[in-house]
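Colleague: Spelled out from the first residue to the last, the chains are:
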Amino acid sequence: MPNPVRPEDAHDEAEELLPWYATGQLDPTDQALVEHHLSTCARCQRQLGLERVLVEEFRSFTPEVDTGWTRLRDRIESPARTRSSVAGIATQIWQALNRPAVATLAIAQLAFVIVSGSILLSLSRPAYQALGTSEAPPAANVLVIFRPDATEADIRGALRGSGASLVGGPTAANAYLLHVPADRRRAALASLRSTGDVQMAEPIDGAGG
Amino acid sequence: MASRPRTDTARPSGLEELELLDRVRARDLHAFERLYRIYQPRLARFLFNLVQRPQLVEEVLDDTMMVVWQTAERFRGTSKLSTWIFAIAYRKALKARIRWPDPVPDEPFDTRVSSDPGPDEQLQHRHLHDALIAAMDQLSADHRAVVDLTYFQGLGYREIAEVMNCPVDTVKTRMFHARRRLKQVISGSLPDWL
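From first to last, the protein sequence lines are chains A and B. Using our numbering, you'd call the opening residue of the first sequence number 87 and step up by one each time. Using our numbering, you'd call the opening residue of the second sequence number 1365 and step up by one each time.
These are calculated hints, taken from the structure and not from any lab test. The beta-carbon is built from N, C-alpha and C at its ideal position, and this holds for glycine as well. One or more hints might be untrue.
What follows is a set of in silico ranges between Cβ atoms, one per label pair, in the way DEER data are often shown [claimed, not checked]:
no.	chain 1	residue 1	chain 2	residue 2	range
1	B	I1462	A	T257	19 to 27 Å
2	A	S251	B	A1505	30 to 38 Å
3	B	I1497	A	R233	24 to 32 Å
4	A	R138	B	I1497	14 to 22 Å
5	A	A96	B	R1438	39 to 47 Å
6	B	H1394	A	Q117	37 to 45 Å
7	A	T126	B	M1430	50 to 58 Å
8	B	L1379	A	G247	56 to 64 Å
9	A	E121	B	E1437	37 to 45 Å
10	B	S1504	A	D95	21 to 29 Å
11	A	R157	B	T1534	32 to 40 Å
12	A	R233	B	E1437	21 to 29 Å
13	A	E99	B	D1501	23 to 31 Å
If the Cβ cut is set under 8 Å, some of the chain A residues that face chain B in the computed set are [stated by the list, open to error]:
no.	residue
14	L124
15	L140
16	L158
17	I162
18	L252
Take the sequences, apply the hints, and build the full model.
Modeller: What follows is the structure in structure tokens.
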């Protein structure tokens, strides 16, 4: 003889299903289970009222639709053109190289380019090494996006306040690449984020920030 | 509770969506635009709950719909189209979250939503609405995703398990804890009669 379902188990099971009962997403078996329990449980009846409030509230607002379609359509159409043209050129080169005479000539030309390039490079390299010149620019280690209404003065103030220097940008997404000394990056990020002008500030080289 | 006018348009039937997908398989860009406009608001909201950065929402949403465009023929109809698309979005969002693991405070969600309630209803709803947003912010991304997929997107718990690639009991447990947290936070904002 099967064990009867304990009332507290039936309650827990029905209570778990209430959100989907409220949204009409239960299968007939689950629905019957919930309805049977609801007929005797005042607590779940109150819970169901709350579930319906939550459903109504959550569904009463939606994000506005922006112009993302144009962006996506461009992405669909542009890469296709780019890929086809690049692929076409690559195919032509590959087909040409597969012809024995062309392949031999191409290898000879490639060898000539490598050898002559090496000679020219060795001749052009200075015999001394200057000190303090041609220093590589600092690597960006912070990415920041300012709020659209931030003025040039706001941006300057945020950079000064954080001790960051501008390395690049704005990118297509209006982000800027910054450099801050590694040992001060955490503080710099905190400083940037604390201003009302920064929408996002994140480390970008994988280290913590 | 007095009902507030819905700002979202009526959702098309599953059949209409499948017809659109058939045309998308045939590379019909107009059909894909229609499908995009159906799913863009739903995905934007779902993704915002997961990644909480407008820039990432935009990126992940585009990536998701690109997958739909490029792999429409792989949809076999064993699940709802919405389940398939949300599952793609969820996987894309997880990858985005790996790249951007630390959420930063963002402008309140309600500044990005349509706002056309009647003036006589604003105060009552405003309080509850704000409390709900605050409560959602205190949940984990996975809990927010389950709440959104249930209450807003109208998915069943089995579909949510499929989207999130987890057992149905995990979905139920997440929802149970999320509801408990939501109720704690909004308890002071509910209408008296509840």
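Colleague: Holds or violated: 14 to 22 Å for the Cβ distance of R138/A and I1497/B?
Modeller: The hinted range 14 to 22 Å holds for R138/A and I1497/B, with Cβ atoms some 19 Å apart.
Colleague: With 30 to 38 Å as the target window, see if S251/A and A1505/B comply at their CB atoms.
Modeller: Holds, at about 34 Å.
Colleague: Would the hint on L158/A be counted as holding, given a Cβ-Cβ threshold of 8 Å to chain B?
Modeller: Holds, because the Cβ-Cβ distance from L158/A to chain B comes to roughly 5 Å (cut-off 8 Å).
Colleague: Given a hinted range of 37 to 45 Å, is it respected by the beta-carbon distance of E121/A and E1437/B?
Modeller: Given range 37 to 45 Å: holds, Cβ gap about 41 Å.
Colleague: For the hint on L140/A, does the least C-beta distance to chain B fall short of 8 Å?
Modeller: 6 Å, holds
Colleague: Starting from the range 39 to 47 Å, see whether the pair A96/A and R1438/B falls in it by beta-carbon distance.
Modeller: Between A96/A and R1438/B, where Cβ atoms are some 41 Å apart, the hint holds.
Colleague: Against the range 24 to 32 Å, how does the distance between the Cβ atoms of I1497/B and R233/A compare: consistent or not?
Modeller: This hint is violated: roughly 20 Å between Cβ atoms.
Colleague: Taking the least C-beta to C-beta distance, is L124/A closer than 8 Å to chain B?
Modeller: 16 Å, violated
Colleague: Do E99/A and D1501/B keep their Cβ atoms within the hinted range of 23 to 31 Å?
Modeller: 30 Å, holds
Colleague: In this structure, is the beta-carbon distance linking T126/A and M1430/B contained in 50 to 58 Å?
Modeller: Given about 51 Å between the Cβ atoms, the range holds.
Colleague: Evaluate the given range 21 to 29 Å for the C-beta pair formed by R233/A and E1437/B.
Modeller: 42 Å, violated
Colleague: Between R157/A and T1534/B, is the Cβ distance one that fits in 32 to 40 Å?
Modeller: 35 Å, holds
Comparing the model with each numbered hint stated earlier shows that hints 3, 12, 14, 18 do not hold.
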